[in-house]
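Engineer: Next come the chains, spelled out residue by residue.
Number of protein chains: 4
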Amino acid sequence: MTAAALAAIADSRVLDLAQPMRTGMPQSPNHPPFRMQLERRHGDLVRADGGSAANELIITGGHVGTHVDALGHVSQDGYVHSGHVAAETQSNLGLSRHGIEEFAPFVGRGVLLDVAAVHGVPHLPAGYEVTVDDLEQARDRAGVAPRPGDAVLIGTGWSRRWSEPAAFVGQTGGVPGPGLAAAQWLADQRPCALGGETVAFEHIPAGAGHARLPVHRLLLVERGINIVETMRLAELLDHGQAEFLLILNPLPIVGATGAPVRPLAVVSP
Amino acid sequence: MTAAALAAIADSRVLDLAQPMRTGMPQSPNHPPFRMQLERRHGDLVRADGGSAANELIITGGHVGTHVDALGHVSQDGYVHSGHVAAETQSNLGLSRHGIEEFAPFVGRGVLLDVAAVHGVPHLPAGYEVTVDDLEQARDRAGVAPRPGDAVLIGTGWSRRWSEPAAFVGQTGGVPGPGLAAAQWLADQRPCALGGETVAFEHIPAGAGHARLPVHRLLLVERGINIVETMRLAELLDHGQAEFLLILNPLPIVGATGAPVRPLAVVSP
Amino acid sequence: MTAAALAAIADSRVLDLAQPMRTGMPQSPNHPPFRMQLERRHGDLVRADGGSAANELIITGGHVGTHVDALGHVSQDGYVHSGHVAAETQSNLGLSRHGIEEFAPFVGRGVLLDVAAVHGVPHLPAGYEVTVDDLEQARDRAGVAPRPGDAVLIGTGWSRRWSEPAAFVGQTGGVPGPGLAAAQWLADQRPCALGGETVAFEHIPAGAGHARLPVHRLLLVERGINIVETMRLAELLDHGQAEFLLILNPLPIVGATGAPVRPLAVVSP
Amino acid sequence: MTAAALAAIADSRVLDLAQPMRTGMPQSPNHPPFRMQLERRHGDLVRADGGSAANELIITGGHVGTHVDALGHVSQDGYVHSGHVAAETQSNLGLSRHGIEEFAPFVGRGVLLDVAAVHGVPHLPAGYEVTVDDLEQARDRAGVAPRPGDAVLIGTGWSRRWSEPAAFVGQTGGVPGPGLAAAQWLADQRPCALGGETVAFEHIPAGAGHARLPVHRLLLVERGINIVETMRLAELLDHGQAEFLLILNPLPIVGATGAPVRPLAVVSP
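Protein chains in written order, with the working numbering: chain A, 1 to 269; chain B, 1001 to 1269; chain C, 2001 to 2269; chain D, 3001 to 3269.
Among these hints, one or two may not hold up.
Unchecked claim - Computed Cβ-Cβ distance ranges for the label pairs, DEER-style: (1) A:Asp188 to B:Asp1049: 21 to 27 Å; (2) A:Ala7 to C:Ala2166: 56 to 62 Å; (3) C:Asp2011 to D:Arg3141: 45 to 51 Å.
As the list claims (entries may be wrong) - A short list of chain C residues far from chain A (calculated; beta carbon distances all over 10 Å): (4) Val2085; (5) Val2121; (6) Glu2222.
The set of hints was computed from the structure by calculation and includes no laboratory data.
Backbone N, C-alpha and C define an ideal beta-carbon position, used for all residues, glycine too.
So that you can see chain A by itself, here it is in the shape it has in the complex (with noise of 0.2 Å):
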């Protein structure tokens, strides 16, 4: 398999699906805020033989730049996925149950449902409902349909937003991003990772800010299916490939209701 795999590989583009991580990127301001300072600098610390090292100090929320929802980042009337109670799941050490070091390494085949293509912008309105119609037609005008186990992408042309961070976040513009009978047929599509562009993977209209979350409730909690938010797919989308090779490796924090990753598509030159 390795040589087939090296072979393949060989011919082909790496894309990077990770908004770059800085001190004053938009993120939502439910989660602490990124940042990331020097500690020591090259000169600080000089040792006899003319070494010197730098290093830094960083402080993130698991929900802050790219990153993976564990299935325990929610709960329903108490409970999380699969019945346990949410109450005795959580202590200091983090969720018991459900952290994102639960969520496998994926490495297998990311589908795009590219929904800014169906309607020919480079991305949807502020405040917009992705519709299973729009699911539908992404699928047909690609001709590439999810498997289950499959990682799914939304494009939604969002993050070509994230050098305008007010209205990235939407606080109150809202953003763009599936309803909730859209997410329905995505989770019936059975894949094991649904992912798109926008601080949080639901439809904000604009004012509404974060008050309901029902796609989280429904992808989490009732179906299992882990959520990528704030995925540069500007790239992929230009890009155009509906199939491809998606590597979703989220640190492995133990017990953390979700942690930042660095995805990435491989794709055809």
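Here the structure of chain A is known, so what remains is to put chains B, C and D in place on it, guided by the hints.
Structural biologist: Okay, now just chains B, C and D, sitting in the frame of chain A:
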């Protein structure tokens, strides 16, 4: 290419080469300690519809857990790689040159040189210096030679000691690793990255601490080769495959001197 | 002395001049945001005897909440106070000169110059420049003049706006504060410290942001006078006493450019 | 009152009872480690007028360095002080009852009971249990008895060992402190707070670690008396004055189980 890659992957196994991250895990005392703790727990805030979400705060250094060293991590006599004056490449924004974001995500050929196997031990002794002869024997034993652009991993078996924090870090007892001669041999293979299981990819004799880092100087400053540290190679060593598809995608923290990564090896089942 | 001091205190009232610290409180966007969150909660770890303890993690900047600026906080043309080269006084250990630990805990005479009262308003308008005439009127109105070594507090009433974060910080609307002339008049009284209610002890006109800090330069770099910011003076202003015993004991964080403090005024009942 | 207080203070000396705070200082391993590091340094950002400012980031636990324990820090059998159910008083906002903000800033009578002096030693031995007899002898020796509402400090001399981190913390060797009987005697004096020099105000025998905290239970849960820990009493012990004006003003961190403080003793010169 995509169909071939997917077919090859389908018939394979993915090994997780990252150590699990949790508060209190072994790490270098030179870097900010990793800490993850829940901020909101289920039940703290319950929406009208019965939904609730938990989240966390993460504090870490960039050289904590399994991670990649950026070229700009180390300087010598005031200069970083490619002759930039170190003092001019650092600010409150981090490194302006040779930060970890310059390391392109790697999806390619990985080669394992298993020195512990050469010696017929589960792990090399603390303070053991890996030699050129060790590496050549490991290569010949495997029948797989590094090629330019590969990522080359050196098996010492040290990741098996993860659950013994003091021994693992080796402040008093030392750790096994390449001496300068072995590092030169490795660099001469022109790999894109070199990886190991210890906190620092160095030969640290008992009692020496981290006072000298000649291998870092050679690789990062002189040769421009990134280093992967604290890898969990135990499972790969047990599996025994010397050539594989390796994925190496550190978090894209702009200006950081290093960043956490969850490397994956795709091997035959 | 002790009996006299205790007798005097017994017949007095202690006013708390610090703003309460909590996640989300108003602060300068130039500094790391304050965050406090529980790590262990009661019940996470219960000892055999039924006891349990909760604890927290605190992240903050040194110039967040009520705090004292160290002399080394600001430099001018590469120099800090008393002519040290700024670049030679800073490292991974913080400041080696003029860190906050050099500010001796102050227990002494405090004098209030209430400029809001001069104008007969609860608080001065956003962007108002406090003048020399304002200060002289405030002094004459109170009948209490600053003496060398005193801590002098300037009442603008701005601490009454603490619950309006955007207005309080004044990024767009500005804040009231001393212009350079007023600051020179204040410095000429030779106080040991000067305190105010805003995020920065400066006159910030509407739309100006924090692009220029002439008063910081004058006080910290040229005159060696510490500054206390974000004080909660509202209660003291209401009380109306212009001379009192003031306590000013910032946390002794070695090498810090500033540190949180909970100042107290001991006044007549 | 103010003139009298100022006159009394003018003829006095202020002793700083806080340990200096810096990265790596001794602290309980049960709490997040203190860390202070510069973010911006002078020269990173220089304004057009030649001005530049340095700042820092601070990470700490609430029970690190010299600090005050809030009543809500400890629970017993599920209850905190005054019979509140512990589980109902904690959330992402911290403690809703008995957080440190409930401790009113103290400016009042401090009494020192110097047990080390009773034994004629610079500091009591590691693991020594302070007894009722010790306290009574210390009181009689000083000729000063605690009165209700006082803050009472117990001198063990242990703060002299600050520069020996492992010995100071006493994980293996233990620390001197009041046994339960002595704590009951102290509580019966009805002080508003009790202070000591060790990491935990407890008698910790060699090898015992912090597995049981009976004095915390008695003072915080049953009697409602705050505890001040890690005080730097050495200078006060040397000075020898047993009655003084004490200032105790922990940072007003809303909902925190403890907070740093810089206590001051105003004594005769």
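Engineer: A separate judgement is required for each hint: does it hold in the structure or not?
Structural biologist: Here's how the hints hold up against the structure:
no.: 1; hint: A:Asp188 to B:Asp1049: 21 to 27 Å; verdict: holds, 22 Å
no.: 2; hint: A:Ala7 to C:Ala2166: 56 to 62 Å; verdict: holds, 58 Å
no.: 3; hint: C:Asp2011 to D:Arg3141: 45 to 51 Å; verdict: violated, 30 Å
no.: 4; hint: Val2085; verdict: holds, 14 Å
no.: 5; hint: Val2121; verdict: holds, 33 Å
no.: 6; hint: Glu2222; verdict: holds, 28 Å
Hint check: a violation occurs at hint 3 only; the rest are consistent with the structure.
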